[in-house]
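In case you want the letters, here they are:
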Amino acid sequence: MKEKKKDNKDKLAGNGKQVQLKGIPAAPGIAIGTAHVFGTENVLPTSREITEAGIPAEISRFKDALAKTRKDILAIEKKISREMGVEHGKIFSAHLLVLEDSVLVKEVITRLSKKKKNIESVFAEVLDKYVGVLAEAKDEYLRDRIADITDVGKRILRNLTGIEERSMESLDEKSIIIAYDLSPSDTAMMHKGRVLGFATDIGGRTSHTAIMAKSLEIPAVVGLESITDAVKNGDRVILDGLHGVVIVNPSGKLVEKYEKEKKKYEALEKGLIEIRSLPSETLDGKKVGVAGNIELPEDVASVVSHGAEGIGLYRTEYFYMNRKDLPSEEEQFNAYKSVAQRIKPQSVVVRTLDLGGDKFLSQLDVPREMNPFLGWRAIRFCLARPDIFKSQLRAIMRASVYGNLKMMYPMISGVTEFRQANELLEDVKKELRKEGKPFNEDIEVGAMIEVPSAAITSNILAKEADFFSIGTNDLIQYSLAVDRVNEKIAYLYEPTHPAVLELVRMVIQNGHNEGIPVAMCGEMAGDISLTLILMGLGLDEFSTSPIAVPEIKKIVRSVNYFDAREIAEKALKFNTGREILEFSRAKLLEMVPDLAEDLA
Amino acid sequence: MTARREVVVKNRTGLHARPAAVFVQLANKFESDIMIEKDDQKVNGKSIMGILMLAAERGARIVVEAVGEDAEQAVNELSEVLSQEIELDIA
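In order, the protein sequences belong to chains A and B. With our numbering, letter number 204 in the first sequence gets 204, and the count goes up by one each step, no holes. With our numbering, letter number 4 in the second sequence gets 4, and the count goes up by one each step, no holes.
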């Protein structure tokens with residue numbers, strides 16, 4: 001293997017030709033600069049025989065090295081926790097566990113007594129064995145842990161042999177680091193000022209190196225396979241951490257192109273950071289909420305980093321996916337509680353189980369249907385299976401005391417269903433009171449408006465619901481009778497169809513007549529060409545995927561509510577969806593010209 | 001005293017680095033010897049290397065066994081960790 005690599009090297013490097021390699025994007029951004037090839041660290045110890053009498057001395061050297069390594073790791077952990085946050089320091093807590101692993105230590109000592117070889121080589125052999133097993137693992141996440149284990153292993157070997165640690169501190173100019181692999185320790189020692197970016201042969205999306213690069217905000221590409229063969233010290237390199245591409249010895253024209261890309265990306269980032277902490281309100285002072293949609297508790301971080309104000313849709317189907325059993329109340333409670341705590345004091349709207357349609361479940365034995373989207377799904381399914389539904393309601397209610405938690409029912413077709421769901425909720429409240437379990441008695445319960453019959457009777461629903469959230473994907477497909485997965489008729493799926501906009505207008509007005517807020521959480525909420533119209537119709541909150549949040553916020557902050565109202569009024573007078581869309585886009589370009597490129 | 005229980009791993013990432021670290025740290029707090037078993041592989045529950053070797057993914061059935069004074073409590077608390085849907089932080 002080693003020999004073969006050398007062959008490649010002769011072929012690839014040194015001829016100054018342009019070479020482009022594709023890897024895995026690990027941290028976003030673009031870097032253009034000089035390569036600094038970071039050699040593989042050679043700590044492979046030489047093997048030497050020892051006598052029976054020499055064994056205790058080897059063991060005591062081993063124990064000393066372990067003690068010294070422990071000290072080193074604790075010092076790094078402290079430094080990283082201070083500079084990069086406790087989250088990253090924890091990587092090194094896991095390293096300590098490897099170091100203190102009783103099984104590993106015992107195995108080394110047993111092997112030492114048996115083989116009678118110096119402790120360095122025995123230790124290296126044992127470590128190799130474990131790495132070998134992990135390298136065979138099917139799971140990428142598990143394979144990525146090899147880096148952690150070898151990182152600790154190398155530290156121990158260094159302390160046994162006295163070889164000094166390679167260091168980024170010695171970099172004297174700004175460089176792009178090229179390496180076979182970088183350990184978490186290597187990455188932790190990188191300085192944003194000196195390291196422009198880095199590229200490695202191995203590594204995956206979930207390696208610590210990738211995770212740390214992201215938080216250091218250094219562009220990185222991993223898993224390039226042969227980057228160390230293709231580059232030599234001093235080569236000019238373009239590293240595109242957005243697309244996972246590295247170009248060695250690029251042409252002047254290419255450099256120019258990437259300089260432009262780099263500027264564009266940095267301007268975008270800067271804008272995002274600026275707008276993140278600014279309130280979402282119009283020039284004339286009307287608050288228009290911009291919230292994020294999430295699926296997993298981990299997604300909260302992205303909601304916060306994109307400057308969303310709370311979570312307008314927390315989907316709960318993932319609990320039921322890819323498993324054979326049903327999720328327990330406790331499991332759901334823990335997730336809701338964690339989200340509520342993390343987003344506090346802002347609110348999170350939990351949508352109760354929305355199964356069926358295109359989301360099937362293996363464990364629930366739901367029969368196949370001819371028309372699943374018009375079938376036994378969402379609230380219809382939940383009302384028929386109170387055992388499953390109540391366990392979710394209990395979990396939501398119990399979590400409601402940990403933050404600002406609200407809930408809504410999907411696929412409500414009329415007030416009867418809303419009442420039936422609320423009856424079950426009342427049962428749950430009674431149970432919890434009896435058990436002495438605390439919950440928020442005044443929790444807000446809303447209805448999703450995604451069935452045309454609910455939109456048309458929203459004046460009735462508004463008297464009983466605490467808020468509305470318009471689910472546009474289904475509302476459009478049901479109102480226009482268009483299955484948008486069907487390519488032959490996909491052109492009919494038109495969010496700006498006058499019928500759709502009329503329903504949206506009606507829902508907002510009916511909600512406001514009863515004094516309840518109206519949000520929108522479907523894809524339409526994230527489509528910037530429609531933002532002005534929706535604002536003008538009086539929508540109180542947009543909830544979109546976190547990525548779309550900054551742009552929507554930017555539009556909100558760039559216009560007067562008064563003007564948006566006028567635009568919406570005019571838009572509703574057109575006869576076709578196409579005219580409405582064109583009008584709306586033209587108005588957006590006129591009022592927020594910065595967004596021209598994103599609209600294209 | 002010996003206590004045994006079969007548990008389904010519910011951590012989203014299976015019993016891998018972080019969850020495994022939580023498990024090992026907890027296991028080491030007990031006097032009892034802790035073993036975990038998957039298929040026909042049996043490893044020391046106080047060893048992170050051992051646990052990583054099991055490569056127990058989400059949904060895997062594993063047996064937690066404790067032998068010693070606090071066996072009962074150990075099995076209770078350790079099974080609880082395995083049934084957590086969310087990754088716990090290392091204490």
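What the hints contain is simulated information worked out from the structure, not anything from laboratory work. Take the hints with a grain of salt, since some may be wrong.
[Stated by the list, open to error] Result set (PhoX-like, lysine-lysine): computed pairs, CA atoms no more than 25 Å apart in a straight line:
| # | chain 1 | residue 1 | chain 2 | residue 2 |
| --- | --- | --- | --- | --- |
| 1 | B | Lys29 | A | Lys63 |
| 2 | B | Lys29 | A | Lys106 |
| 3 | A | Lys71 | B | Lys42 |
| 4 | B | Lys42 | A | Lys116 |
Hints breached by this structure:
Violated hints (numbers, rising): 3, 4; every other hint is consistent with the structure.
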